[in-house]
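**Student:** All chains should be built: construct the whole structure from the sequences, respecting the hints.
Residue-level listing of the chains:
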Amino acid sequence: METGGDVLVIGIGDGYRGDDGVGGYVVRALRARSLTGVRVVEHTGEGCSLMDRWSGARLVFFADAVVSGAPPGAIHRFEPTAEPGPGFVGHMRSAHGFGLAEALALSRALGRLPERLVIYGVEGREFGTGAGLSPEVQRSADEVVRRIVSEIEEALLRRAPAHRVGGDVAS
Amino acid sequence: MRSNVLKVDLLARVEGEGAFTATWRNGSEPDVKLRIFEPPRFFEALLQGRDFREAPDITARICGICPVAYQMSSVQAMETLCGVEVDPPIRDLRRLLYCGEWIESHVLHIYLLHAPDFLGYEDALRMAADHRGAVERGLALKKVGNDIVALLGGREIHPINVRVGGFYRAPKVDELRVLEKPLERALEQAAETVRWTAGLNFPDIERDYEYVSLRHPSEYPMGQGAIVSNRGIDCPPSGFEDHFVEEHVPHSTSLHAAVRERGEYVVGPMARFALNLDRLTPLAARLAKEAGLTTPCNNPFKSIVVRSIETVVAVEDALRIVRSYTGVERPAVPVTPRAGVGHGATEAPRGLLYHRYTLDSAGRIVNARIVPPTSQNQRSIELDVAAVIARRGDQPIEHLTWECEQAIRNYDPCISCSTHFLRLERRE
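For the record, the sequence lines run as chains R and C.
Numbering follows the numbering used here, in which position 50 of the first sequence is assigned residue number 67; successive positions increment by one, without gaps.
Numbering follows the numbering used here, in which position 328 of the second sequence is assigned residue number 398; successive positions increment by one, without gaps.
Just so you know, these hints were derived from the structure itself, not from any lab.
Misleading hints may appear alongside valid ones.
[Claimed, not checked] To be clear about the criterion: a stretch of chain C counts as covered by chain R if any three or more of its residues have a C-beta under 8 Å from a C-beta of chain R, and this derived list gives those stretches:
#, stretch
1, 187-198
2, 202-210
3, 223-229
[What the hints assert, rightly or not] With a straight-line Cα cutoff of 25 Å, these simulated DMTMM-like cross-link-like pairs (lysine to aspartate or glutamate) come out:
#, chain 1, residue 1, chain 2, residue 2
4, C, Lys-213, C, Glu-226
5, C, Lys-213, C, Glu-262
6, C, Lys-213, R, Asp-69
7, C, Lys-213, R, Asp-31
8, C, Lys-251, R, Glu-63
9, C, Lys-213, R, Asp-23
Idealized CB from N, CA, C, for every residue including glycine.
**Tutor:** What follows is the structure, encoded as structure tokens:
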């Protein structure tokens with residue numbers, strides 16, 4: 018289910034692949050809070066359809082599992098619209114590889130990036146079959162939820178000082 | 071005399087992991103090897119002992135780009151064996167789902183994987199900066215394919231709604247009707263795609279191919295038909311193994327297929343087009359004529375135009391099905407398993423996809439055989455590359471390498487599909 022508004026949170030991953038489900042976990046936690054003016058979406062990560070999802074949104078957050086060699090549960094934050102983040106140069110080397118990085122690169126080439134785009138990655142430990150997150154990943158996912166909520170509050174406050182996320186004022 | 075060696079260690083813009091080497095002495099025939107080193111994936115062994123109803127979902131996992139093809143060939147095999155025919159509206163919905171996959175797969179390849187070759191870009195990202203309108207058109211067109219697959223298949227990637235006997239759930243009329251407007255726009259975009267690709271420059275290479283595809287009494291082949299070739303093959307899907315053999319070659323983890331008495335052959339858009347010109351939808355036929363395509367078209371580089379023509383067919387057909395849909399009485403017919411052998415052959419975006427299953431009386435799969443399009447095209451791909459080297463080998467090596475890779479991508483090869491097999495030998 019999606020709710021209206023120009024703030025969008027997209028959780029990427031496969032809930033039946035252990036810690037790859039962290040994106041979906043974050044999105045479900047945010048959905049439970051029913052934030053006014055914030056759309057939340059779970060997504061497989063297929064690049065073309067991702068690009069379509071964020072069209073029309075001004076502020077977009079991504080939550081995804083990450084494998085970088087950092088300890089499991091480590092939280093990474095990138096803001097590619099503010100700087101060219103590490104590793105976000107897409108290659109389009111194969112069709113299987115058309116994921117978030119390529120979608121971002123192609124959107125940039127086409128001038129279709131949202132105004133602001135923030136990516137939260139949580140380092141995963143276990144990506145085998147089966148549902149459920151590792152304990153340290155789940156703790157970090159809860160932390161990512163808190164940070165995203167606070168970033169959204171801050172952004173909306175900057176736009177309209179009277180606005181509070183989850184409050185009575187509709188955007 | 072000096073030997074020339076041309077080597078690409080990791081092919082870009084194809085599905086899966088492969089490489090190629092070509093070795094030749096000036097004046098001699100080049101020896102080309104498409105080296106497929108993606109690990110074997112053992113799907114046929116995985117199916118053994120599973121219930122016959124699981125085949126569409128298990129085999130769909132062979133490919134993230136053409137899962138519908140695997141579902142369609144497997145349900146056809148099971149339904150034929152069990153003596154079941156699905157209701158006409160279900161047949162239409164399955165064709166619509168298949169159209170969605172053709173659109174997605176063809177458009178991805180045309181715009182994001184193959185067009186950069188023709189326009190001189192390393193990849194679509196670099197191309198997008200200069201050809202923004204074209205890339206936008208491609209993305210919009212692909213989205214319609216995605217939407218069809220998501221709506222009928224239950225989700226965008228690895229659809230889960232196809233079952234032996236029909237679907238788990240069929241859409242209501244209103245649910246399907248939302249596709250009408252997007253498909254109308256897509257038809258114009260698909261037509262523009264034909265005009266766009268027809269204007270590209272094509273290296274002047276022709277070969278004399280044996281083309282193999284399905285042929286249906288009334289429609290452009292997709293989910294049903296006899297297996298035919300331009301050299302006299304004409305058999306039902308159950309005759310596949312009488313005409314075609316697969317053999318292992320040391321340089322590939324994918325089997326090479328051949329016509330038993332002749333050798334290499336070609337499946338895919340070029341083959342379907344050559345053998346089914348009279349089955350094109352009206353707009354597709356007109357556009358093919360305007361694009362100057364003749365049959366048989368023997369220049370493999372023009373496959374990008376043929377793929378565009380087939381995209382028009384898929385959009386036109388999808389639109390027809392969406393407009394005429396009046397709902398279903400039941401989403402599936404009951405199926406009782408029978409012991410025996412079932413065969414299925416349908417047209418995946420990349421070409422003929424053959425399945426054969428042996429079931430026991432309880433409906434358990436005793437053994438399975440799957441022959442995907444890319445393994446059938448492998449030898450022909452190698453010969454195309456050899457032809458490029460033989461006829462255009464005087465170019466600078468970078469240009470020649472570029473053109474050889476482009477020649478491989480003419481087939482939109484799916485290496486992940488082609489390495490699904492397992493061959494075990496027991497030695498006592």
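**Student:** Taking the hints in turn, state whether each one holds.
**Tutor:** Hint by hint, here is what the structure shows:
Counting residues of the stretch 187-198 of chain C whose beta carbon lies closer than 8 Å to any beta carbon of chain R gives 5, which reaches the threshold of three, so the coverage claim holds. Check result for the stretch 202-210 of chain C against chain R: holds, 4 residues qualifying (beta carbon to beta carbon below 8 Å, three or more required). With 3 residues having a Cβ less than 8 Å from any Cβ of chain R, the stretch 223-229 of chain C passes the three-residue criterion, so the hint holds. Distance hint between C:Lys-213 and C:Glu-226 is fulfilled; the C-alpha atoms sit about 10 Å from each other, no more than 25 Å.
Only pairs whose Cα atoms come within 25 Å are accepted, and C:Lys-213 paired with C:Glu-262 is accepted, the gap being roughly 16 Å. Of the pairs offered as hints, the one joining C:Lys-213 and R:Asp-69 holds, with about 8 Å between alpha carbons and a cut-off of 25 Å not exceeded. Among the hinted pairs, C:Lys-213 with R:Asp-31 is consistent with the structure: their alpha-carbon atoms are about 21 Å apart, no more than 25 Å. Among the hinted pairs, C:Lys-251 with R:Glu-63 is consistent with the structure: their alpha-carbon atoms are about 24 Å apart, no more than 25 Å.
At roughly 21 Å between alpha-carbon atoms, C:Lys-213 and R:Asp-23 fall within 25 Å of each other, so this suggested pair holds.
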